[in-house]
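Protein chains in written order, with the working numbering: chain A, -3 to 145; chain B, 12 to 232; chain C, 15 to 322.
Keep in mind that a hint or two might mislead.
[What the hints assert, rightly or not] Just a few of them, taken from the derived set where beta-carbon distance is under 7 Å, the chain C residues facing chain B: (1) S122; (2) H125; (3) F127; (4) L140; (5) Q144; (6) A196; (7) H225; (8) P256; (9) A288; (10) I289; (11) E290.
In case anyone wonders, no lab produced these hints; they're calculated from the structure.
Backbone N, C-alpha and C fix where the C-beta goes; we use that ideal spot for every residue, glycine too.
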Amino acid sequence: MMKEFNPVIVAYCCHYCAYTAADMAGSMRLSYPCDIKIIRVPCTGKVDPLYVMRALQEGADGVLIAGCLEGDCHFKNGNIKAMQRVTYLKTLLNEIGIEEERVAMVMMSAGMGKQFAEIVTEFDDKIRNLGPCPLKRNQEPEQILSEAV
Amino acid sequence: MITAERKPLDEIMSYIEPYHRILLVGCNECVTVCAAGGRKEVAMLSSALQLASMKNGKTLSVNELTLERQCDPEYVDTLAPQIEGAEAIVSMACGCGVQELARRYGQVRVFPAVNTKFMGASERAGVWAERCQGCGDCLLGLTGGICPIARCSKRLFNGPCGGSNNGKCEVSSEMDCAWALIWEKMKELGTTDQYEAVISAKDWRSGRGGGPRKIIREDLQ
Amino acid sequence: MKTNSVLEKVFASGAFAVTSECGPPRGAMPEIVREKAEHLRGYVDAVNVTDNQTAMVRMSSFAASVILKQIGLNPVLQMVTRDRNRIAMQSDLIGAYSHDINTVLCLSGDHPFFGDHAMAANVYDLDSVQLIQTVKEMRDNGSLQGGAKVDNLPRMFIGAAANPFADPFELRVARLAKKINAGVDFIQTQCIYNLDKFEKWMEGIRERGLHKKVSIMAGVTPMKSEGMAKYMKNKVPGMDVPDEIIKRMGGVPKDKQAQEGIDISIESIQRLKAIEGVSGIHLMAIEWEQKVPEIIERAGLYPRPDVA
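Please work from the sequences and hints to get the whole structure.
Put into structure tokens, the structure is as follows:
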């Protein structure tokens, strides 16, 4: 019998906007899938494309980068740099043969708790539809992650 | 700097197809500056090759290392302890570096991961443009500091040709006409009276025309 | 006289010179060369033979020039520096002169990008100005470019191209002066539609007395249709086609446009004849050689002077 697919999704959220929005979603008691593992970064500009690559290597099925709205970045243009890097990553994923939709950049303000929940739920759905990352491994993804911890 | 661009991933994959353990070597000089083969690019390529291999059900182990330069034997020597564990070497340096690795570690196959492009300078972040063709007999003093050999599509010494259009080359509207630039420079410098002197035919022996070149300094040996 | 060139003799006689063009075919079809050139017999003083024009591989201009020589016409051998190094070019010049070809047009050549062999290594060992110097060295000093003195080197009448309409405009007079310094005898310009701008260029030329040092031939190409006029305006580098010409071409029904184009070219020739310093016209009726007789006759340039 086929095991049900529960995607592993890593979400890099910037401290000033996306993480605060996530926090607000929590305090508003809004639910979103527990597949989402949030990692707080000072700014999405801190996210090296290498983190995304390693996340996929270690078992993530999708990686979301959530930052501030254009013009609102606390560090001026960190979010713009993140956007450019995500565009580059998508081309690289295409070269590798992995669906480029597995990596995405979204933008929101700190007060958008409801939208945070909606956005990550939508991303989770998208990854569920794509299925597991098309990599043939010797171990189950869950196992690899727990070893890394 | 010498500029380069990463080869398409499937080309690199085709080189390492028979191998499971590779040594991926970057260079901290030119290819770092043009973001093609430095430490970061080595990490990214390593990840990409492992992901692509996993997709095909193959486990690829990558030993990542970046040398100060790959064109000096002293730095290349430092790789010696890593060679035993490698079935193949993939170099992200320019052609000079790849050849030095191949020369020193002849028993292992060495593959280039980048296409070496040109000698150039940075115009702005993320943009590098060709500036020098290594002709061996620099005439930049005569042309206002703009090289017609590297920057004129027809390497004219007495340009511009009839295809110069709004300061752009006939080949592409994105390409500056080198001679239009030289003329503007001459106007700025007040040396336009020199324009009508004919620059005579070049002796290409100082360049690649005389065969592969060497510089030998007796005082430094 | 510097050479035996008929063109040189026509200029020296004070008559208004006429040249036209014959583009060789893509295949080994000498009869095409003969057919095209036959239309021009008696109506021109010399016939330019183009050299792999627009970087498309064609029968070589050397071969086509020999064919013209064989049927009793005077070829102007066009030579581009794009495809051959100085060894090959000097060799071709000696070979051409051995077939009594004595007039050459020195060009850099359209970039390979435009043709069907964009992947070729473009040579450009010399540029057009350096080629002019080379041909002059052979004729006046009996030596090759590398310095060796050789007997019986070609004595060619040396031509080059000029484009009064390319940028920067202020440079175009200085560029002609440079070619004169290098030793050019005659110039053929790019085809002219903007007569005002051409007259401005000629003013600059006359100011410096350059029209006395070189024989200038004005380029004329008759338009076949409004479509051709628009194409030349937008797609061909270094071309200046005023909107009035396009309006005039478009203002007549399609089947009358060719005649309108011919009429415009004849008006241009009349105006060009009257400009001080213009010594002739170079009529480029590409793939339309059969119209050359009508144009030359109606422009009052027939018959051609007998300078032999």
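Here is what the structure says about each hint:
1. Because the closest C-beta pair between S122(C) and chain B is about 5 Å apart, less than 7 Å, the hint holds.
2. Among the interface hints, the one on H125(C) holds; its C-beta lies about 5 Å from the nearest C-beta in chain B, closer than the 7 Å criterion.
3. Checking F127(C) against chain B by beta carbon gives a least distance of about 5 Å; that is within 7 Å, so the hint holds.
4. The interface hint given for L140(C) is met, as the beta carbon of that residue sits about 5 Å from the closest beta carbon of chain B, less than 7 Å.
5. Annotation: Q144(C) was flagged as interfacial toward chain B, and the flag holds, the nearest CB pair being 4 Å apart, inside 7 Å.
6. The beta carbon of A196(C) comes within 5 Å of a beta carbon in chain B, closer than 7 Å, and the hint placing it at the interface holds.
7. Violation of the interface hint for H225(C) is found here, the shortest Cβ-Cβ separation to chain B being roughly 16 Å, above the 7 Å cut-off.
8. Using the Cβ-Cβ criterion of 7 Å, the hint placing P256(C) at the interface with chain B is not satisfied: the shortest such distance is roughly 17 Å.
9. With 7 Å as the threshold, the beta carbon of A288(C) stays out of range of chain B, its nearest partner Cβ sitting at about 25 Å, so the hint is violated.
10. Given the 7 Å rule on beta carbons, the hint for I289(C) is violated: about 20 Å separates it from the nearest Cβ of chain B.
11. Residue-level restraint check for E290(C) is violated (minimum Cβ-Cβ distance to chain B is 23 Å; threshold 7 Å).
Checked against the numbered hints listed earlier, the structure breaks hints 7, 8, 9, 10, 11; every other hint is satisfied.
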